[in-house]
Amino acid sequence: MEDFFDLYRKDRWPTIFCPGCGVGTVMNCFYRAFSELDIDQDRVVFVSGVGCSSRIPGYIRADSIHTTHGRALAVATGLSLSNPDLKVIVFTGDGDLGAIGGNHFIHSSRRNADMTVFCINNNIYGMTGGQASTTTPHRAFSTTTPYGNMEFPFDLAELAVTAGANYVARWTVRNVKELIGSMRKALVKNGFSFVEVASPCPTGFGRRNKMGDPKQMYEWLKIKSVRKEKSEFWNMDPVDLNISGQITIGEFVDRNRPSLGSMLKSMMNNE
Amino acid sequence: MRLEAGTYFMQGNEACVEGAIAAGLRFFAGYPITPSTEIAERLAERLPEEGGIFIQMEDEIASISAVIGSSWVGAKAMTATSGPGFSLMQENIGYAAMTETPLVIVNVMRGGPSTGLPTMPSQGDVMQAKYGSHGDYEIIALAPATVQDMFDLTIKAFNFSEIYRVPAIILSDAEVGHMRGKFTVPKKSEVLERRMRTDKVWHDGFAYDESLVPRFPVFGRGFRVHVTGISHDIAGYPRTDPEVHEELVRRLSEKIIGNRDKISLTDIYNEDSDRFIVTYGSPTLAAMEVIGNDPSIGLLQLKTLWPMPEESIRHVAKNVKEILVVEMNMGQVFKEVQRIACLEGCENVRLLSKVGGEVHTPQEIVHSLRRC
Amino acid sequence: MTISVRFAGMGGQGIIFSGIALARGVSLYEKRGGKDLYAIQTQSYGPEARGGSSKCDVKISESENFYPFVEIPDYLVLMSQPAYERFIDVTNKDTVVVLDEDAVESRPDIEYYDIAATKKAEEIGKRIVANVVMLGAFVEISGIVSKKSIQKALCDVAPKGTESLNKKAFELGTALGKDAINAD
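Protein chains in written order, with my numbering: chain L, 1 to 271; chain C, 1 to 372; chain Y, 1 to 184.
Be careful, since some hints might not be right.
Quick list of in silico lysine-lysine cross-link-like pairs, DSS-like style, CA-CA up to 27 Å [as the list claims (entries may be wrong)]:
| no. | chain 1 | residue 1 | chain 2 | residue 2 |
| --- | --- | --- | --- | --- |
| 1 | Y | LYS55 | C | LYS187 |
| 2 | Y | LYS152 | Y | LYS178 |
| 3 | C | LYS187 | C | LYS255 |
| 4 | Y | LYS178 | Y | LYS93 |
| 5 | C | LYS187 | Y | LYS31 |
| 6 | L | LYS228 | L | LYS185 |
| 7 | L | LYS189 | L | LYS265 |
| 8 | Y | LYS55 | Y | LYS167 |
| 9 | Y | LYS55 | C | LYS188 |
| 10 | C | LYS335 | C | LYS321 |
| 11 | C | LYS187 | Y | LYS35 |
| 12 | Y | LYS31 | C | LYS188 |
| 13 | C | LYS200 | L | LYS10 |
| 14 | Y | LYS55 | C | LYS354 |
Derived contacts from chain C toward chain Y, CB cut-off under 10 Å, selection only [what the hints assert, rightly or not]:
| no. | residue |
| --- | --- |
| 15 | GLU4 |
| 16 | ILE33 |
| 17 | THR119 |
| 18 | ARG180 |
| 19 | SER211 |
| 20 | MET288 |
| 21 | GLN338 |
| 22 | PRO362 |
No lab work stands behind these hints: they were computed from the structure. Bear in mind the structure is a predicted one, so any value in this text is a computation, not a measurement. Note that beta-carbon positions come from the ideal geometry of N, C-alpha and C, so glycine has one too.
Here chain L stands alone, though its shape is the one from the complex (with noise of 0.2 Å):
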């Protein structure tokens, strides 16, 4: 793959996202991490759920489906399981994966699910003008935190450990060379295998935290993030190990339990 819009819908340009989005490096990342690898790209599904990472699959030149609200990673499973020759690839954001697909992002992860899903987490929901997600900051301020959020964030990486799957990374928008390589061995894992990216949001997010410059977004990504070597996590409360209290990044996993593809066909031969 020679160009940018070799992968890309060249005739959906431009692009609906903000200035300052953190969706084009992520969609640039995902161009050097695919293009580097020998993927046919007629046999390539990528499925999305509902959000502005979301849209990402309508304007990659593939098969692509773009299904309800929270619903990606279930009709991920039924597309792999139906034909095991496909790489499906899920782009998804915080809502769709954190809120109300919560519970298909757990039971996917224990299944192990044959997928490769690249989580956009960007603390905020985007696509409807910034109300609180389940990754927005404790005492963050969103349409619908006017008084700065009571509540504490998931740790969306965190949980697909737990859960079962097999590949687990979370970097920032601006660990442009680490994201990569974490996108390219998720692409080639087997089972689920999970990249999340904190992205900067200046529009839905940064405006009503100070933050509304894109430069002040990317500072603030800076600062808050860690690398798990050197995170100390032993005078951490747990909750804290996130995107609110500090952005734990790195590899969190990456091992080989079979994944569901492979079980089922052990099933089938009876073996």
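Place chains C and Y on chain L using the hints.
Below, chains C and Y without anything else, positioned relative to chain L:
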């Protein structure tokens, strides 16, 4: 192995499974719920034998989602549920209608609302089957009355779903699902397949001809089609223009309504009668007994509920003094029959309703007929 | 013409099994005047079917489509005292009652037959086949269906390895049924 031609003794839910396998079912995703669970249990055993895939999902929302995914790689796919699960599936029924995804849903109806009567029959989901999701759309719904119907109509449901690219719903009920009886597997059942896209054009995945049904661009063959629940043009791309939305929504309805006569399955008994029973599903058997004892009464059995078989109802309404609609709800098909009969000047349409979780007895129908 | 049969007893007694064997035998193996017969088996589901009481109905007909639910049974086969209390009044003067004499204390004032089903089953070492003994007795007493058809159906539905046990229990039942008719 698909069941060989012959006579079998099975539960209605089991006959449904065999019908689905005869129709070419390749994928089932479901969640346990009374009184449909036997369908999942039998398929868990039978589908792997057929080289098909069975999976139990985390809920009914996930079940219909997985079925949608499977259908887009070209598999004939199905789920089975009952009231509460059917309610959970509504959003994706609308999605399947909007994206023209063929799939079959078996709803073994039980008493509602809410948890209601989990083990007892009802016909309370007739309107929900048609109107349960938001927006204007059409689906196809069939109502089996016997174990034989459970086999036959399941095959029909797959055929309709594949041909019109629309969700087809089997509105069974706890009695038909659970009763055991004899049914016959014919030497050959008509099995239809969806029309596939064969050319490699990337920009008109939803282009349609005079049939109004786009050929199916199955995933994984290089069509590079985009599918979305958002209003879309023939490329499948999201569009918000009023004219694009109107063209799409009107076509989705017209491809079903325009074929109403082909989809309408009805049986008429004692055609010359001037008093008619109109019914469907479980109460049909009580009505059969009534007309068996009194040939002066006619019976119209609706095997198709959506689209409503208007022609058959008008035909019956033309020359009758009275129509009695018998159903296990507070009058859902009744209002449709009333509306349609009125077009033929027949205003004497009455309802024999029952909502206690029991099927009407023949005596109850006879008493109701006497009252007029 | 339809014939209605009701089996009732306690959960775990195999009441449903008996009904299925009867309906299957009639549906698949029984002919009348060279023509097929039809039978539908229905049962109660839900909490009442989880332990406690168990009920299973079979309706037999010469025509294909008939009202499959039993209102007043022509034959009532009872295997527990609570089942007796619950169903004995859902009968008419022509209803024939067949009861397991060890499991039911009361006796009705309509025609009935005592069958020592549980005792016989225990004698052959398997109390669990008392239901099949009752089925055999019912087939003999009612005479509505051939023993051969029901035995064939029993073989279809019996768990693997229990076919001969079920056959034996059925034959014991028909013998008890014959004795009961002669004693009458």
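These are the hints, each one checked on the structure:
Taken as a hint, the Y/LYS55 and C/LYS187 pair is broken in the structure, with Cα atoms around 36 Å apart against an allowance of 27 Å. As the CA atoms of Y/LYS152 and Y/LYS178 are separated by approximately 20 Å, the hinted pair is consistent with the 27 Å bound. For a cut-off of 27 Å, the pair hint linking C/LYS187 to C/LYS255 is broken: about 31 Å separates their Cα positions. Only pairs whose Cα atoms come within 27 Å are accepted, and Y/LYS178 paired with Y/LYS93 is accepted, the gap being roughly 23 Å.
Taking the CA atoms of C/LYS187 and Y/LYS31, the gap is about 22 Å. The hint holds against a cut of 27 Å. Between L/LYS228 and L/LYS185, the direct Cα distance comes to roughly 18 Å. Compliance with the 27 Å bound is thereby established for this hinted pair. Among the hinted pairs, L/LYS189 with L/LYS265 is consistent with the structure: their alpha-carbon atoms are about 17 Å apart, no more than 27 Å. Between Y/LYS55 and Y/LYS167 the CA atoms are separated by roughly 23 Å; this keeps the pair inside 27 Å, and the hint holds.
Pair hint Y/LYS55 plus C/LYS188 does not hold up; C-alpha atoms about 38 Å apart against a cutoff of 27 Å. Between C/LYS335 and C/LYS321 the alpha-carbon distance is near 18 Å, which keeps this suggested pair within the 27 Å criterion. Taken as a hint, the C/LYS187 and Y/LYS35 pair is honoured in the structure, with Cα atoms around 21 Å apart against an allowance of 27 Å. Between Y/LYS31 and C/LYS188 the CA atoms are separated by roughly 26 Å; this keeps the pair inside 27 Å, and the hint holds.
Using a Cα cut-off of 27 Å, the hinted pair C/LYS200 and L/LYS10 holds, with the two alpha carbons roughly 18 Å apart. Of the supplied pair hints, the one linking Y/LYS55 and C/LYS354 holds, its CA atoms being roughly 23 Å apart against a limit of 27 Å. Checking C/GLU4 against chain Y by beta carbon gives a least distance of about 14 Å; that is not within 10 Å, so the hint is violated. Hint status for C/ILE33 relative to chain Y: violated, with the closest Cβ pair at about 13 Å, above 10 Å.
At a threshold of 10 Å, the smallest CB-CB gap from C/THR119 to chain Y is about 3 Å, leaving the interface hint in force. For C/ARG180, the interface hint holds, the least distance from its beta-carbon to any beta-carbon of chain Y being 4 Å, beneath 10 Å. A least Cβ separation of about 36 Å between C/SER211 and chain Y goes past the 10 Å threshold, and the interface hint is therefore violated. Evaluation of the C/MET288 hint against chain Y yields a held restraint, the C-beta minimum of about 4 Å falling below 10 Å.
The beta carbon of C/GLN338 comes no nearer than 26 Å to any beta carbon in chain Y, farther than 10 Å, and the hint placing it at the interface is violated. Checking C/PRO362 against chain Y: minimum C-beta separation of about 5 Å stays under 10 Å; hint holds.
This entry does not satisfy hints 1, 3, 9, 15, 16, 19 and 21, going by the numbered hints stated previously.
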